[in-house]
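Trainee: Residue numbers (full-length UniProt numbering), protein chains in the order written: chain G, 1 to 240; chain C, 1 to 168; chain X, 1 to 111; chain Y, 1 to 87.
Any given hint could be a false lead.
Stated by the list, open to error - Here are the computed lysine-lysine pairs in the DSBU-like style, where the Cα-Cα straight-line distance is at most 35 Å:
| # | chain 1 | residue 1 | chain 2 | residue 2 |
| --- | --- | --- | --- | --- |
| 1 | C | Lys60 | G | Lys163 |
| 2 | Y | Lys53 | C | Lys102 |
| 3 | C | Lys60 | C | Lys91 |
| 4 | C | Lys2 | G | Lys168 |
| 5 | C | Lys91 | Y | Lys53 |
| 6 | C | Lys4 | C | Lys21 |
| 7 | C | Lys153 | C | Lys4 |
| 8 | C | Lys91 | G | Lys111 |
| 9 | G | Lys10 | G | Lys111 |
| 10 | C | Lys102 | C | Lys165 |
| 11 | C | Lys3 | G | Lys111 |
| 12 | G | Lys111 | C | Lys61 |
| 13 | C | Lys2 | C | Lys152 |
| 14 | G | Lys163 | Y | Lys75 |
| 15 | G | Lys163 | C | Lys158 |
| 16 | C | Lys2 | G | Lys111 |
None of these hints come from the bench; they were simulated from the model.
Here the structure is a predicted model, which is why all the values come from computation and not from measurement.
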Amino acid sequence: MSRLNERFTKLYKIGLVITFAYFLLVLFYDIHNLGTDRKRYLSEHYISQGVQETGATNLVASVLYDYRAFDTLGEATMILTAATVLAFLVPITKATMFGTPFKSIVNQTVKLIIPYIAVLGAYLILFGHISPGGGFVGGVVLSIIAILLTLTYSVEFSEYIFKPDQKKFIEDIGAIGFVLLGLLGIFTGSNFLSNGQANFGTGNAGEVFSAGLMPFINLMIGLKVSAGLAIIFNSLIKEK
Amino acid sequence: MKKKLLIFILTLALWFVLAGKVNIHVFLLGAIICSIISLMLADNVFSFVQKKHELKGFFKKIYYIFLLISSFIYDVFISAIRVSRHAFEMKPSLSSRTVRIKTSLENLNSNAALVNFITFTQGSIAMDFDHLNRYYFIHWIDVHGEDEVEVKKALISKHEHLIAKIFD
Amino acid sequence: MIDFNLSVRQLFAFVFFIAGIYFLLSTAVGLIRFPNLYTRLHAGSKCLMAGGISVFMGCILLEGISFVSLKLIVIMVFLFITNPIAIHVIASFDNNYNLIPKTYTKEDLDK
Amino acid sequence: MLYFILAIVLCAILTFYRVIKGPSLPDRLVAMNSIGVMFLLVLVLLSYYFERKIFVDVALVYGVSFFINVLIMAKYLKKPGKGGVGD
């Protein structure tokens with residue numbers, strides 16, 4: 001009886017895999033032959049009309065911050081939630097880091113490359129609409145400064161230079177400013193977080209001050225991501 | 001103040017290189033950002049320039065910096081050819097040894113710069129650094145006789161004089 | 001005239017690329033064949049940086065004088081500063097915690 | 001240009017042998033460091049292959065984040081409880 005039961009469970013698993021594979025095959029076949037009319041694809045519209053409508057030469061930025069900006073708001077809120085939950089879950093305020101201490105040579109070199117990283121992060125954030133990059137990448141590069149200080153010196157030195165309250169404050173500015181910039185679209189009579197439709201002055205594509213609200217939204221997301229990642233790293237590395 | 005001004009000029013030059021165009025908008029944006037960076041980071045983190053340095057001496061040092069970089073690239077290629085010759089031999093004939101060398105440099109920046117030189121010059125790696133007695137532990141890859149030891153010690157001391165003229 | 005100038009530049013750039021690939025290949029062979037950790041560190045620092053410099057030099061020759069070549073010089077200087085520090089961190093860790101028995105004798109230490 | 005990129009990728013695959021086989025942890029770290037720098041060179045050469053010079057920015061960010069990667073791995077080589085190194 002037990003052998004028959006085993007064989008039945010094995011057959012059951014194999015049948016599940018086969019039915020799932022068949023389902024995926026049918027779905028893929030349908031998606032592939034969705035329609036011969038190529039005008040139905042949305043990506044055609046983004047590629048052909050995106051630069052004129054939004055004024056940003058980086059098409060990924062025009063999708064992220066103009067067409068699907070509401071999606072980006074949810075993604076950015078996730079980092080805020082993660083930082084808040086980690087700050088609650090790890091209540092240790094004074095703790096030691098394990099791991100080998102570095103020599104003074106490493107400290108001197110880290111001092112040399114910190115201004116370089118700061119300028120690189122600011123360039124990535126503010127030129128996000130005309131070059132590869134954007135708010136998320138620039139925020140990660142800016143948070144590397146705090147991570148380097150934590151690694152080479154200590155947690156205390158890193159929290160002496162960038163205070164935890166200041167980091168919280170900067171993250172809140174990023175979160176609130178994003179929503180306020182979105183509300184500007186409603187005041188001009190169009191939808192929430194609309195940029196190109198609301199006639200914010202798209203300017204000439206390729207210049208620094210162009211594409212309407214897009215550089216400001218990039219700045220808000222950069223501040224938010226950099227502060228959030230620094231809080232997450234500092235609270236995870238404390239151990240006792 | 002001198003420190004902040006120098007960091008402001010360096011970061012503004014870096015900003016123009018990264019932006020890729022020279023424009024009035026780019027200059028205004030860069031001036032705001034570089035002033036914020038130099039105000040925030042100059043005192044606490046970045047202590048590259050000492051206060052005793054004169055501005056006149058700074059232009060004299062550019063010649064030495066150019067000399068340093070050219071000797072640096074020359075040394076990298078020479079040592080890379082020697083190591084790659086060992087890699088393609090039929091039987092690698094390595095005779096490595098570890099040596100302790102005392103330095104006379106006192107500044108911490110110059111010690112950190114010397115580590116880069118020791119790691120890239122002819123067949124040597126800086127393994128460790130002793131703070132109190134100022135010893136370097138150096139590993140050499142191919143030293144066959146006692147004569148070569150003296151030659152290589154003289155080479156390291158030559159770089160040490162060059163660095164002492166710039167930083168100290 | 002311009003065409004001649006461009007072809008000579010391309011020739012020199014390809015010479016630089018081939019030299020860089022020779023150094024990178026010697027890095028890979030050295031990392032496989034050398035017997036000791038410290039000798040592997042020699043292969044991983046010098047040959048690698050020489051290959052990197054020659055590839056960047058070829059790119060700069062192909063580009064000419066513009067902002068892109070200045071950006072490449074910035075990456076090159078950044079690699080110059082950071083790569084010896086990474087090698088030094090690995091070597092000093094290994095020296096402190098005695099992973100591999102040290103090979104030097106007392107005579108070497110007294111010099 | 002494509003052959004140069006393929007040659008550098010071949011060098012990286014040869015170096016990957018030391019990552020698998022290496023008897024101790026620092027051996028693997030050295031091999032991983034050299035693989036990272038090789039792929040940075042590949043990124044720079046790819047921007048020339050596609051003739052879009054603006055992709056050099058990707059190499060800039062990759063170089064910064066890779067240095068941090070090596071530093072963090074070198075910091076936590078030692079296990080906290082024991083005196084030696086766990087392989």
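Trainee: Would you mind marking each hint as holding or not holding in the structure?
Mentor: Hints and how they fare:
no.	hint	in the structure
1	C:Lys60 to G:Lys163	violated, 41 Å
2	Y:Lys53 to C:Lys102	violated, 47 Å
3	C:Lys60 to C:Lys91	violated, 49 Å
4	C:Lys2 to G:Lys168	holds, 33 Å
5	C:Lys91 to Y:Lys53	violated, 44 Å
6	C:Lys4 to C:Lys21	holds, 25 Å
7	C:Lys153 to C:Lys4	violated, 38 Å
8	C:Lys91 to G:Lys111	violated, 43 Å
9	G:Lys10 to G:Lys111	violated, 61 Å
10	C:Lys102 to C:Lys165	holds, 18 Å
11	C:Lys3 to G:Lys111	holds, 14 Å
12	G:Lys111 to C:Lys61	holds, 21 Å
13	C:Lys2 to C:Lys152	violated, 39 Å
14	G:Lys163 to Y:Lys75	holds, 24 Å
15	G:Lys163 to C:Lys158	violated, 45 Å
16	C:Lys2 to G:Lys111	holds, 18 Å
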